[in-house]
Amino acid sequence: EPEVTQTPSHQVTQMGQEVILRCVPISNHLYFYWYRQILGQKVEFLVSFYNNEISEKSEIFDDQFSVERPDGSNFTLKIRSTKLEDSAMYFCASRPTEDTEAFFGQGTRLTVV
Amino acid sequence: AQKVTQAQTEISVVEKEDVTLDCVYETRDTTYYLFWYKQPPSGELVFLIRRNSFDEQNEISGRYSWNFQKSTSSFNFTITASQVVDSAVYFCALLNNAGNMLTFGGGTRLMVKP
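From first to last, the protein sequence lines stand for chains A and B. Every number in the working numbering is 1177 more than the matching position in the first sequence, counting from 1. Every number in the working numbering is 110 more than the matching position in the second sequence, counting from 1.
FYI, nobody ran anything at the bench for these hints, they're computed from the structure. Treat each hint with caution, since some may be false.
[Unchecked claim] Below, a list of computed lysine-lysine pairs in the DSSO-like style, where the Cα atoms sit at most 30 Å apart:
no.	chain 1	residue 1	chain 2	residue 2
1	B	LYS148	A	LYS1255
2	B	LYS113	A	LYS1234
3	A	LYS1255	A	LYS1234
4	A	LYS1219	B	LYS126
5	B	LYS148	B	LYS223
6	A	LYS1260	B	LYS223
7	B	LYS223	A	LYS1234
8	B	LYS148	B	LYS180
9	A	LYS1219	B	LYS223
10	B	LYS126	A	LYS1260
11	A	LYS1260	A	LYS1219
12	B	LYS126	B	LYS148
13	B	LYS113	A	LYS1255
14	B	LYS113	B	LYS180
15	A	LYS1260	B	LYS180
16	B	LYS126	A	LYS1234
17	B	LYS180	A	LYS1219
18	B	LYS148	B	LYS113
19	A	LYS1219	A	LYS1255
20	A	LYS1260	A	LYS1234
21	B	LYS126	B	LYS223
[To be verified] So, partial list: chain A residues that the calculated Cβ filter (under 7 Å) puts toward chain B:
no.	residue
22	ILE1215
23	ASN1228
24	SER1232
25	GLU1233
26	LYS1234
27	GLU1278
28	ALA1279
29	PHE1281
30	GLN1283
[Stated by the list, open to error] These stretches of chain A come out as covered by chain B in the derived footprint (C-beta under 8 Å, 3 or more residues):
no.	stretch
31	1186 to 1193
32	1263 to 1274
Positions of the beta carbon are idealized from the N, C-alpha and C atoms, including for glycine.
Please model the complete structure; the sequences and the hints are all you need to start from.
Set out below in structure tokens:
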């Protein structure tokens, strides 16, 4: 069964460094999302991506963040100059059409030290 | 802006009890989609059910059932005869008509004790 794949599963980075979280959505899906979940808290929307551009973004998604779909298969989230409070689980999701459920990856746990 | 509220942050039941998880939502869209996801201790988000705003028919799937009441903007989830394996955090979520904003509620942590 097709699934959303995220790499790495766990990333540790020094404060101030840049990280790139990678996601391979399910083939032929059209809508892509990034979410963040700080440990034990709610799942927070970061950004949605459709037709090769950002469709919607939250207040959290400021200039520190960017997304790309560089090669038609990968969907990346870049976090520049990481802060301690960026430590969280980051989930990627994709959907085939506008009226279907989102399929989530297993998440990348980012730890900023 | 849309919003999903799960007033129960934590529920504890004994195995075989029935339990209902509440979800209330706010949206300006006339067409929207509601979901329930399960997050077990392993951390992944597992899709359980989708309901379109124009389909108020309630659904039963095994021990799970869902009650969608558009008049009260609620989409409640009931587990019948709960089991220890049902222990998880359950999230209700709302997708807008444009499909570009999927908003989660705060989640309800369900603990089922043997």
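Q.
Would the hint linking LYS148(B) and LYS1255(A) be met if the CA-CA limit is 30 Å?
A. 27 Å, holds
(Q) Holds or violated: LYS1260(A) and LYS1234(A), Cα atoms, limit 30 Å. (A) Holds: LYS1260(A) and LYS1234(A) sit about 20 Å apart, inside 30 Å.
Q) Between LYS223(B) and LYS1234(A), is the straight-line Cα distance small enough, at 30 Å or below? A) Not satisfied, since the Cα-Cα distance of roughly 40 Å exceeds 30 Å.
(Q) Check the hint pairing LYS1260(A) with LYS1219(A) against an upper bound of 30 Å on the C-alpha distance. (A) 19 Å, holds
(Q) How does the stretch 1263 to 1274 of chain A fare against chain B when you require at least three residues with a CB closer than 8 Å, holds or violated? (A) Check passed, 5 qualifying residues.
Q | Given hint LYS180(B) paired with LYS113(B) - CA-CA distance at most 30 Å | A | 15 Å, holds
Q. Under the criterion that the straight-line Cα-Cα distance not exceed 30 Å, is the pair LYS113(B), LYS1255(A) satisfied?
A. Holds, at roughly 27 Å.
**Q.** Hint check, SER1232(A) versus chain B [nearest Cβ-Cβ separation less than 7 Å]
**A.** Since the shortest Cβ distance to chain B is 4 Å, the answer is holds.
Q. Hey, LYS1260(A) versus LYS223(B), does the alpha-carbon distance stay inside 30 Å?
A. 39 Å, violated
Q: Hold the hint about GLN1283(A) up to the distance rule: shortest CB distance to chain B must be less than 7 Å.
A: Result: holds, 5 Å to nearest chain B Cβ.
Q: Assess, step by step, whether the Cα of LYS148(B) is no farther than 30 Å from the Cα of LYS223(B), and give holds or violated.
A: 18 Å, holds
(Q) For the stretch 1186 to 1193 of chain A, count the residues whose Cβ lies under 8 Å from any Cβ of chain B; is that count three or more? (A) Coverage by chain B is violated here, the residue count being 0 at a Cβ distance below 8 Å.
In summary, the numbered hints that this structure violates are 6, 7, 10, 15, 16, 22, 23, 26 and 31.
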